[in-house]
Amino acid sequence: MKRVRLVFSGSGGQGVITAAIILAEAAVIVEGLNATQSQSYGAAARGGATRTDIIISEEEINFPGVTSPNILVCLTQEAYSQYASIIRPGGLLLTDSRSVKTAKKTDAKHIELPLYDTVMERIGKPIVYNITMLGALIGITSIVRPESVLEILKERIPPDFLAMNQRALDLGLVLGAQYRYTI
Amino acid sequence: MSEKLMFVQGNEACVQGALYAGVDFFAGYPITPSTEIAELLAARLPEKGGKFIQMEDEIASMCAIIGASLTGHKVMTATSGPGFSLKQEAIGYACMAEIPCVIVNVQRGGPSTGNPTHVSQGDINQARWGTHGDHGIIALTASNHQDVFRMTVDAFNLAETYRTPVVLLFDEVIGHMRERLVVPDPGVVPIVDRLRTSVPKDVDYHPYLPREDGRLPMSDFGGHHRYNVTGLFHDMWGFPSNNPSVVQDLLRHLVDKIDTNVDVITRYKEHCLDDAEYILVSYGSSARSAIHLAKNRRQKGERLGVLELQSIWPFPAEMVRAKCANAKAVIVVEMNMGQVLTQVKAAVDQPNRVFLANRIDGKLITPSDIKGLLRVIQGKGV
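Protein chains in written order, with the numbering used here: chain A, 1 to 183; chain B, 1 to 382.
Keep in mind that the hints are not guaranteed to be accurate.
[To be verified] With beta-carbon atoms standing in for the labels, derived distance ranges:
| no. | chain 1 | residue 1 | chain 2 | residue 2 | range |
| --- | --- | --- | --- | --- | --- |
| 1 | A | D117 | B | E270 | 52 to 58 angstroms |
| 2 | B | T230 | A | R3 | 55 to 61 angstroms |
| 3 | B | E56 | A | D117 | 30 to 36 angstroms |
| 4 | B | Q350 | A | T102 | 52 to 58 angstroms |
These are calculated hints, taken from the structure and not from any lab test. Every residue, glycine too, gets a C-beta built ideally from N, C-alpha and C.
Kindly generate the complete structure, drawing on both the sequences and the hints.
Here is the structure:
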């Protein structure tokens with residue numbers, strides 16, 4: 001892995017930005033890589049379309065924007081419609097099968113997973129949806145080690161909620177591990 | 001505290017720099033995209049015995065830091081364009097009364113309330129001439145978090161050295177983006193502390209009587225010495241004066257103390273600049289796009305380089321002239337209508353070879369935006 005460009009998209013409140021920060025922080029703090037995380041946002045937060053750009057690289061990162069991502073995650077239909085076309089040819093598109101109906105073919109490996117339904121069925125708390133998504137992405141790509149993410153979760157999350165987050169991460173890892181995408 | 005690796009927003013890098021430099025008083029009024037600076041200092045300052053005050057507005061915040069600085073504190077406020085406009089009158093007071101302070105402006109789109117959540121670099125000239133009357137001012141900027149940290153420390157040092165307000169001109173992209181920051185061990189980056197008077201208690205202290213080296217030692221206001229502070233032209237006791245020679249000498253001093261030290265204050269970085277035929281002059285977040293492009297084009301054998309400005313005011317005209325002397329063309333990359341462009345044109349020998357690559361729609365200028373213009377200048381078409 002020299003340089004991976006990712007876009008996480010969904011709607012405000014789903015935690016896609018938090019997931020992006022945790023991933024990038026794990027890459028920088030635990031794995032010694034470089035990473036940038038940025039987001040554009042308007043005046044309204046909750047419910048609006050959210051997008052965050054992440055670059056993870058062994059080299060220095062200058063321009064922090066992502067124009068065509070290697071990895072695109074879409075958690076809502078709106079996000080999918082808006083961003084499906086920007087994915088880099090040969091890239092990875094990860095969507096939630098519950099909320100995204102894919103319309104046209106993109107030149108990418110497309111993986112649909114029942115992320116939300118699995119979280120609700122197994123844990124029952126939508127708050128960890130983003131962590132399951134992150135787990136699935138790591139299960140598929142091995143972009144960072146799961147232990148690296150766990151280390152960041154331990155720092156950021158109050159002890160009472162850690163077990164639930166760890167379960168959510170494991171849930172995602174198992175879902176993702178059925179597939180393989182080499183970065 | 002020992003060397004610490006962090007993954008943070010630029011606004012937090014600024015806070016870390018301020019804490020490293022010894023900030024112990026912050027007054028502010030929250031405004032996007034600078035709010036995290038106030039938020040973090042509200043948590044951190046009380047822990048270390050400092051003071052954080054959220055004032056009723058930006059004017060009061062500026063006045064509060066001026067007062068606190070006079071009593072001996074290292075002070076800072078943070079805002080964005082609309083708040084920076086409100087602070088201008090008091091910034092002039094700090095210039096006139098020679099009170100060290102640091103003002104952070106995380107730039108967003110203007111004029112007026114403008115484009116609150118999007119990037120701009122439109123306050124370059126406001127930092128220079130936002131307050132009325134001739135005066136010197138220092139403004140620094142940075143394109144990455146390590147440099148945000150360093151420029152923040154430098155801002156405090158320069159404020160103390162020259163007894164002046166120093167403006168930190170960051171922008172929304174730098175403020176909100178997250179990346180790596182290594183906070184060095186204490187002592188690694190030098191810190192300039194307040195130069196205090198050696199005049200003992202009960203002996204007359206002249207607040208505006210320079211030492212032989214021209215510096216003005218301060219006495220913590222409310223401490224051992226009684227003295228006057230005013231925004232009016234003043235004599236060595238700090239009392240108002242309209243004596244023509246007092247007025248002329250003070251105004252000349254306020255301008256010269258900054259302008260004659262431009263070489264000491266100047267901060268810049270070179271990227272691929274040796275033998276560059278085409279030079280991109282940039283600063284802040286737009287410099288990241290310029291550097292990205294230059295590194296890419298170098299791999300293809302193109303002689304493209306970047307001169308990254310880290311001090312904007314006083315403008316390092318002589319340095320820019322020298323660095324650009326052999327360039328076929330100079331392209332100023334910024335997110336405004338050409339505010340640094342004007343300075344670069346005035347600095348170089350051949351202003352007709354200076355061009356502007358800008359973006360003013362609230363989006364970060366991209367490497368391909370710059371490349372498009374570069375190709376046109378090179379006669380290659382789009």
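Hint check results:
1. A:D117 to B:E270: 52 to 58 angstroms: holds, 55 angstroms
2. B:T230 to A:R3: 55 to 61 angstroms: holds, 57 angstroms
3. B:E56 to A:D117: 30 to 36 angstroms: violated, 50 angstroms
4. B:Q350 to A:T102: 52 to 58 angstroms: holds, 56 angstroms
When the structure is compared with the earlier hints, a violation turns up for hint 3 alone.
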